[in-house]
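Peer 1: Each chain, written out:
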Amino acid sequence: MAENIRRKNNKYFHSVRLKEDLCVGCTHCLRTCPTEAIRVIDGKAVISEQRCIDCGECIRTCPTDAKYALTSPFKMIENFKYRVALPAPSFMAQFDSDKISLDKVYTALNLIGFQYIFEVAAAAELVNFATEQYLKKTKKKPLISSACPAVIRLILTRFPEYVDNIAMLEPPMDIAAKISKELVMEKEQAKESEVGVFFISPCAAKVTAVKEPAGKEKSPVTGVFSMTEIYDRVMSVLKDIKKIKKFEHAGKMGIIWGVHEGELQSAHVKKKVAVAGIHNVISFFENIGLKVFNNLDFIEAQACIPGCVGGVLAPTDKFLAKIRLKELATKLKISQLHPEKIIKKYNMDFFLLEKKPEPRNISKLDTDLIKAMEKSEQIDQLTEEFPGIDCGICGCPTCRALAEDIVLEGKLSKFDCIFILKQKIKNIKDELESNDNFKKK
Amino acid sequence: MDRKYIIEGGNFSEAGFASSDVKKLLKKLGLPTNIIKKVAIAMYEAEINVVAHAYRGEMEFKIVPGQIRVTVQDEGPGIPDVELAFTEGFSTASSKVREMGFGAGMGLPNIKRNTDEISLHTEVEKGTKLSFIINFT
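Read top to bottom, the protein sequences are chains W and E. Using the working numbering, read the first sequence as starting at 1 and increasing by one per residue. Using the working numbering, read the second sequence as starting at 1001 and increasing by one per residue.
Think of the hints as simulated: they come from the structure by calculation, not from any bench. Check the hints yourself; a few may be wrong.
DSSO-like, lysine-lysine: derived pairs with alpha carbons at most 30 Å apart [what the hints assert, rightly or not]:
| hint | chain 1 | residue 1 | chain 2 | residue 2 |
| --- | --- | --- | --- | --- |
| 1 | W | Lys216 | E | Lys1028 |
| 2 | W | Lys375 | E | Lys1096 |
| 3 | E | Lys1062 | W | Lys272 |
| 4 | E | Lys1062 | W | Lys271 |
| 5 | W | Lys371 | E | Lys1062 |
| 6 | W | Lys414 | E | Lys1037 |
| 7 | W | Lys137 | E | Lys1062 |
| 8 | E | Lys1028 | W | Lys411 |
| 9 | W | Lys356 | E | Lys1096 |
| 10 | W | Lys271 | E | Lys1024 |
| 11 | W | Lys411 | W | Lys139 |
| 12 | W | Lys270 | E | Lys1096 |
One-sided excerpt, in silico: chain W residues whose CB lies under 8 Å from chain E [unchecked claim]:
| hint | residue |
| --- | --- |
| 13 | Pro160 |
| 14 | Glu161 |
| 15 | Glu286 |
| 16 | Asn287 |
| 17 | Gly289 |
| 18 | Leu290 |
| 19 | Lys291 |
| 20 | Glu358 |
| 21 | Ile362 |
| 22 | Ser363 |
| 23 | Leu365 |
| 24 | Asp366 |
| 25 | Gly410 |
Remember, predicted model here, so these are calculated numbers, not experimental data. Don't be surprised by glycine CBs; every beta carbon is placed ideally from N, CA and C.
Given these sequences and hints, build the entire structure.
Peer 2: This is the structure we're talking about:
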């Protein structure tokens, strides 16, 4: 099946996959891919391992549902005696709280197999506190939030110059996994292998962040489920609920992480900015002058609009979800977690990434400068020859991308451009006709 | 390899185009990040100088192994006191320009700090030619 399709050079794991039989070879994903990672080859969309950042834009845009995010199979929970659900803040906005209370949703989570529920929003509150400490100590400004894995991978592939600005802080999902696992092990006197912690994800990038974490060897998260799948499972057992249980909930400053500008609210620094939407993040990083950039203290950057509620795996309309989450946040109190105590218990190291995420230099044309310059000039010249309308018929997202593929990969030729080919055919035809005319004379 | 850019006096919104274009090119050529940063800062300051003070200008960028050379030639008022212009905090920028957050008197000093060689020829009421070199290994 599609899940077994391995792509060429499996150096990196990717959750974004293609069901080949459904792909019609159209050019929708080509154009929307922010890292130009897709090429249509022999009528099928092929994703480049090196370039893909698992942002999910192609899943969003694919008209035939050929693109999908590979998540963990739900039956995976059966392998664990104790099962913890880690709902993302965005999950809390998927239900209309007037009709289905959060406690009812969590009771349903119990019913479908999770004995424990640990809100990632609660961990987000702790990360707020850790960020505060981090901002006081670090000399490297601005600090870029490490929460969105698609943005982190974007920086690693396209903006390696900003790698040092990424906060060396564990994202809330990882903190939630570490703490909840410890709590359950303590409470149940269980072995680590008996406890499974499962993230309910709004996006594909979080799957990748668990399978192949940046900044550490192994993720503390056991599996990642699609929010849409869990939503469906919750909805189907609601009718079976006899008594709604009471649950403790995270505070407003954690829940609000699920939307654009949510994390920003807790960064108590003067110069801060929040950017949402992967294309917006790219244009922000590309066009912001170093002077303005260096003057900033904190950057929240999220791949989805309007924040995580806009992730491709979240079933509810993103703008509706955004309003719901904001309303929920106003109803909830400030945290009752006492983060300062928890931070004292675990100390700051608990919140830090093990190692600096490593850049993947994909934009380099050649390791040798002279050769790189030659290639750059060849690419410029070829690009000039093409019509510049980025039609995608050659299978590349732009005319420049075709020129780059020709020069760097050598697999395509300029006659893969339909316009160049047409011109060539016309030239041949003209030549033949003039030969005929010559004979007739 | 070279690139040429036209800079229009007073066009603040376009200022920075040349430096970010060159930044993209240098990333593709695989230059070290610290060199790219130096070039970007120096070029940006030079662009702003033309936009803030002159009527129009031309910027030429050239890269050869080991060296990046940039020349900016403008038609403008020129610089009456070059030594003063290289003093941190000194600026002749108009209040209008300052209101926009420019004209802090850090332009030329900042270019000097980020480059290995710098030369400036100026003629009052005619224009200024600024050249700088950044070496790399």
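Peer 1: Now tell me, hint by hint, if it's right for this structure.
Peer 2: Hints, verified against the model:
Between lysine 216 (chain W) and lysine 1028 (chain E) the alpha-carbon distance is near 28 Å, which keeps this suggested pair within the 30 Å criterion. A distance of roughly 44 Å separates the Cα atoms of lysine 375 (chain W) and lysine 1096 (chain E); the hinted pair therefore is violated under the 30 Å criterion. For a cut-off of 30 Å, the pair hint linking lysine 1062 (chain E) to lysine 272 (chain W) is broken: about 36 Å separates their Cα positions. As the CA atoms of lysine 1062 (chain E) and lysine 271 (chain W) are separated by approximately 36 Å, the hinted pair breaks the 30 Å bound.
About 16 Å separates the Cα atoms of lysine 371 (chain W) and lysine 1062 (chain E), which keeps this hinted pair within 30 Å; it holds. Among the hinted pairs, lysine 414 (chain W) with lysine 1037 (chain E) is inconsistent with the structure: their alpha-carbon atoms are about 35 Å apart, more than 30 Å. Our distance criterion of 30 Å between C-alpha atoms is broken by lysine 137 (chain W) and lysine 1062 (chain E), whose separation comes to about 40 Å. About 20 Å separates the Cα atoms of lysine 1028 (chain E) and lysine 411 (chain W), which keeps this hinted pair within 30 Å; it holds.
Pair hint lysine 356 (chain W) plus lysine 1096 (chain E) does not hold up; C-alpha atoms about 44 Å apart against a cutoff of 30 Å. Distance hint between lysine 271 (chain W) and lysine 1024 (chain E) is fulfilled; the C-alpha atoms sit about 26 Å from each other, no more than 30 Å. Of the supplied pair hints, the one linking lysine 411 (chain W) and lysine 139 (chain W) is violated, its CA atoms being roughly 46 Å apart against a limit of 30 Å. With a C-alpha separation of about 25 Å, the suggested pairing of lysine 270 (chain W) with lysine 1096 (chain E) holds against the 30 Å cut-off.
Hint status for proline 160 (chain W): holds, given a least beta-carbon distance of 7 Å to chain E, under 8 Å. At its closest, the beta carbon of glutamate 161 (chain W) sits 5 Å from a beta carbon of chain E; the interface hint therefore holds under the 8 Å criterion. A cut of 8 Å between beta carbons decides the hint on glutamate 286 (chain W): the least distance to chain E is about 6 Å, and the hint holds. Evaluation of the asparagine 287 (chain W) hint against chain E yields a held restraint, the C-beta minimum of about 6 Å falling below 8 Å.
With a least beta-carbon distance of about 5 Å to chain E, the hint placing glycine 289 (chain W) at the interface is held under the 8 Å criterion. Interface hint at leucine 290 (chain W): satisfied, since its Cβ lies 6 Å from the closest Cβ of chain E, which is below the 8 Å cut-off. The restraint placing lysine 291 (chain W) at the interface with chain E holds, with a minimum CB-CB distance near 7 Å, inside the 8 Å limit. With a cut of 8 Å, the hint placing glutamate 358 (chain W) at the interface with chain E is violated, because the nearest CB-to-CB distance is about 14 Å.
At a threshold of 8 Å, the smallest CB-CB gap from isoleucine 362 (chain W) to chain E is about 10 Å, leaving the interface hint violated. For serine 363 (chain W), the interface hint holds, the least distance from its beta-carbon to any beta-carbon of chain E being 5 Å, beneath 8 Å. Checking leucine 365 (chain W) against chain E: minimum C-beta separation of about 5 Å stays under 8 Å; hint holds. Taken as an interface hint, aspartate 366 (chain W) checks out: its beta carbon lies about 7 Å from the nearest beta carbon of chain E, inside 8 Å.
Hint status for glycine 410 (chain W) relative to chain E: violated, with the closest Cβ pair at about 18 Å, above 8 Å.
Consistency with the previously given hints fails for numbers 2, 3, 4, 6, 7, 9, 11, 20, 21 and 25, ordered from lowest to highest.
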